[in-house]
Every structure is written in C-alpha cells, then in structure tokens.
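Counting from 1, position 72 in the sequence shown corresponds to residue 72 in full-length UniProt numbering; the numbering is continuous, with no gaps.
Source of the hints: derived by calculation from the structure; they are not laboratory data.
Among these hints, one or two may not hold up.
[As the list claims (entries may be wrong)] Computed Cβ-Cβ distance ranges for the label pairs, DEER-style:
hint	residue 1	residue 2	range
1	Thr79	Leu35	22 to 28 Å
2	Pro52	Lys26	21 to 27 Å
3	Arg140	Phe43	41 to 47 Å
4	Phe143	His45	23 to 29 Å
5	Glu54	Ser121	44 to 50 Å
6	Pro52	Asn96	26 to 32 Å
7	Tyr124	Ile51	35 to 41 Å
8	Asn96	Phe143	36 to 42 Å
9	Lys53	Val118	29 to 35 Å
10	Leu117	Leu25	34 to 40 Å
11	Tyr20	Ile142	28 to 34 Å
12	Gln76	Met1	31 to 37 Å
13	Asn57	Ser121	16 to 22 Å
Fair warning: this is a prediction, and the values are worked out from it, not measured in the lab.
Built from N, CA and C at the ideal position, the CB exists for glycine as well.
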Amino acid sequence: MIFTAILIFTGIFGSLLTYYFNNKLKLGGVLSSSLLTSIVAGFVHFFPSYIPKELVNHIPLIFIGSSFVGMVSSNQLSTFIGVSLSGLVYSLIYINTSKFFDGFGGALGTSACISLLVIMSIPYLRSNHKMTLGFFQLRRMIFKNTRRKSKKNT
C-alpha cells in the first residue's frame with residue numbers, strides 16, 4: 001500500500017516538476033525531461049540503499065514516463081491541476097500494467113499520451129454537444145493550419 005502511494009506521488013511530482021521547468025522556466029520539454037530524469041535516475045543508481053528494494057526499479061520508470069506527461073505545452077493543458085491529474089492517471093496505468101512493460105520507451109510514452117488524452121477529454125465529456133464540439137475543434141485545427149500554410153506561401 002505504501003509502495004503504491006510512493007509510486008503515485010512520484011508520477012504526480014515528476015509531471016508537475018517537468019511541466020514547471022518546461023513552461024514556467026522556459027527550458028523546453030526535452031531539456032526539462034532529460035535533466036530531471038537524469039537527477040532522479042542518478043540518485044536511485046548511486047544511492048539505492050536509501051530506497052526500498054521494491055521501488056528501485058520502478059521509481060526511475062515512473063519518473064521518466066511522468067516527465068513525458070510534463071512535456072505538454074501550456075497551450076494544450078494550462079493548469080497544474082490538469083497536469084497533476086494526468087500524472088495520477090499515468091501512475092495508475094503504469095501500476096496496473098507494469099508487468100507488460102518489457103522496454104520503456106514506447107510503452108511509457110504511449111501511456112503518457114493516453115493519460116493526457118484522458119484529462120484533456122474531460123471538458124468534452126461534460127458538454128451536452130459532445131460530437132458537435134469534437135468536430136468543431138477538429139475542423140478548426142485543420143483550417144487553422146491550412147490558413148497558416150497559405151499565408152506563408154504568399
């Protein structure tokens with residue numbers, strides 16, 4: 001029980017810290033994720049005696065994946081509450097499917113993407129016009145990019 005709570009806290013903390021470094025300190029997503037992940041992985045690698053043996057293998061993986069969550073742009077997800085909820089969802093996905101993670105690149109990134117999509121879809125689920133809003137957003141994104149390309153060509 002306490003190990004699960006530690007893993008969930010790690011996921012939330014990793015996503016929030018990466019989001020802060022990415023969007024508030026303007027370090028960029030890749031630099032924020034790699035810097036923080038290197039610190040956490042280095043601490044776990046060089047000081048494993050301070051961490052319970054059951055968590056030594058899981059904490060770096062949870063932190064790496066949650067740092068992928070924190071790489072989200074503030075234009076897409078602008079609140080710390082949303083980022084922390086995405087970190088929570090990511091942690092729950094990892095805890096319940098960790099036995100299926102043979103590698104950690106694609107699986108962690110996919111889980112991070114799923115957790116962000118879950119949180120970003122909440123406003124659409126609460127709306128009465130779910131399909132209309134979804135198609136409207138899609139149409140706006142497509143035509144917005146088309147207008148930008150046509151303006152650059154002229």
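Next item on the list: Find the hints from earlier in the document that the structure breaks and name them by number, from lowest to highest.
Entry: 2, 4, 5, 6, 10 and 13
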